[in-house]
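My request is simple: use the sequences and hints to build the entire structure.
Numbering of the sequence shown is given in this note's numbering, commencing with residue 454 and proceeding in unit increments.
Honestly, the hints are just simulated from the structure, not real lab data. All residues carry an ideal CB built from backbone N, CA and C; glycine is no exception. Any given hint might turn out to be false.
The calculated SDA-like cross-link candidates involving lysine to any residue, where the alpha carbons are at most 20 Å apart (straight line), are [claimed, not checked]: (1) 601 <-> 613; (2) 471 <-> 533; (3) 458 <-> 529; (4) 458 <-> 476; (5) 656 <-> 613; (6) 458 <-> 493; (7) 655 <-> 553; (8) 601 <-> 655; (9) 525 <-> 585.
Pairwise CB distance ranges, derived in the manner of DEER restraints [as the list claims (entries may be wrong)]: (10) 583 <-> 645: 19 to 25 Å; (11) 648 <-> 482: 35 to 41 Å; (12) 598 <-> 526: 39 to 45 Å.
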Amino acid sequence: MSVPKHGLPDEMHDLVVKACDGDDTAMAELFDHFRPRLMRMVEVRIDPRLSGRVDAADVLQETFLDVVQGAKDYAKHEDFPFFLWLRLMTGRRLMNTHRQHLGAQKRNAAMEVKRMKSAPDATSMSIANFLVGNMTSASRVIQREESKARLAEALEEMDPIDREVITLRHLEELSNNEIAQELGLTKAAASNRYVRALTRLKKILGDTSDFTI
454 MSVPKHGLPD EMHDLVVKAC DGDDTAMAEL FDHFRPRLMR MVEVRIDPRL SGRVDAADVL
514 QETFLDVVQG AKDYAKHEDF PFFLWLRLMT GRRLMNTHRQ HLGAQKRNAA MEVKRMKSAP
574 DATSMSIANF LVGNMTSASR VIQREESKAR LAEALEEMDP IDREVITLRH LEELSNNEIA
634 QELGLTKAAA SNRYVRALTR LKKILGDTSD FTI
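Next comes the structure, spelled out in structure tokens:
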């Protein structure tokens, strides 16, 4: 099978080719390589109501079975780097998990108009919980939980796409190129969108000296 490199090192590209040809060992090696990034994605986006029932490791275990069974499906997404395909499969599995345990989810029409839904949205509070780690001297200004609440409120006021850009860049740590491909934007548009999103968030927060991003 012909598989584009998308900038992968030769050794890793060879593993992708083998994995797409049905080599489960190669797929396992690739999945383990990207596991930390996929784990981060699930931790950010899993619904808090699933706490105690399903965790990120459970989702990734099922995702691995999905990618092994659907390895040849990557050919349909070969314009995607391999990691983004794994991320797509992980997002689908997480959405299925949400439906299984929580029922049908409320649609976000604004997001669906602008991009293909490939993963559940992170809640504003989930984003705040992760970003609050970047706060300095919070104890001297306001209590930690109050800081989270204020940040969550600010995120809730943002456009859904802007909130997603913040999530992809700062929580999942995707590159600008990866964000552009995920959102169907040019690299320049993705970069501009990020700058606008960051500016918008800081404007909503106002003069909050204990928060940096």
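Hint-by-hint comparison with the structure:
For the given pair, residue 601 sits about 19 Å from residue 613 by alpha-carbon distance, which is consistent with the 20 Å threshold. Our distance criterion of 20 Å between C-alpha atoms is met by residue 471 and residue 533, whose separation comes to about 17 Å. The hinted pair formed by residue 458 and residue 529 meets the criterion: a straight-line CA distance of about 15 Å does not exceed 20 Å. A hinted pair counts as satisfied when its Cα atoms are at most 20 Å apart, and residue 458 with residue 476 qualifies at roughly 18 Å.
Distance check on the hinted pair: residue 656 and residue 613 sit about 16 Å apart at the alpha-carbon level, within 20 Å; holds. Under the criterion of a C-alpha separation no larger than 20 Å, the hint pairing residue 458 with residue 493 is inconsistent with the structure, at around 24 Å. For the proposed pair residue 655 and residue 553, the alpha carbon gap of about 37 Å is over 20 Å, so the pair is violated. For the suggested pair residue 601 and residue 655, the alpha carbons sit about 15 Å apart, so the restraint of at most 20 Å is met.
This hinted pair does not check out: residue 525 and residue 585 have alpha carbons roughly 40 Å apart, beyond 20 Å. The beta-carbon spacing between residue 583 and residue 645, approximately 24 Å, falls within the hinted interval of 19 to 25 Å. The hint said 35 to 41 Å for the Cβ distance between residue 648 and residue 482, and at roughly 37 Å that hint holds. One distance hint, 39 to 45 Å for the beta-carbon pair residue 598 and residue 526, holds here, with the actual separation near 43 Å.
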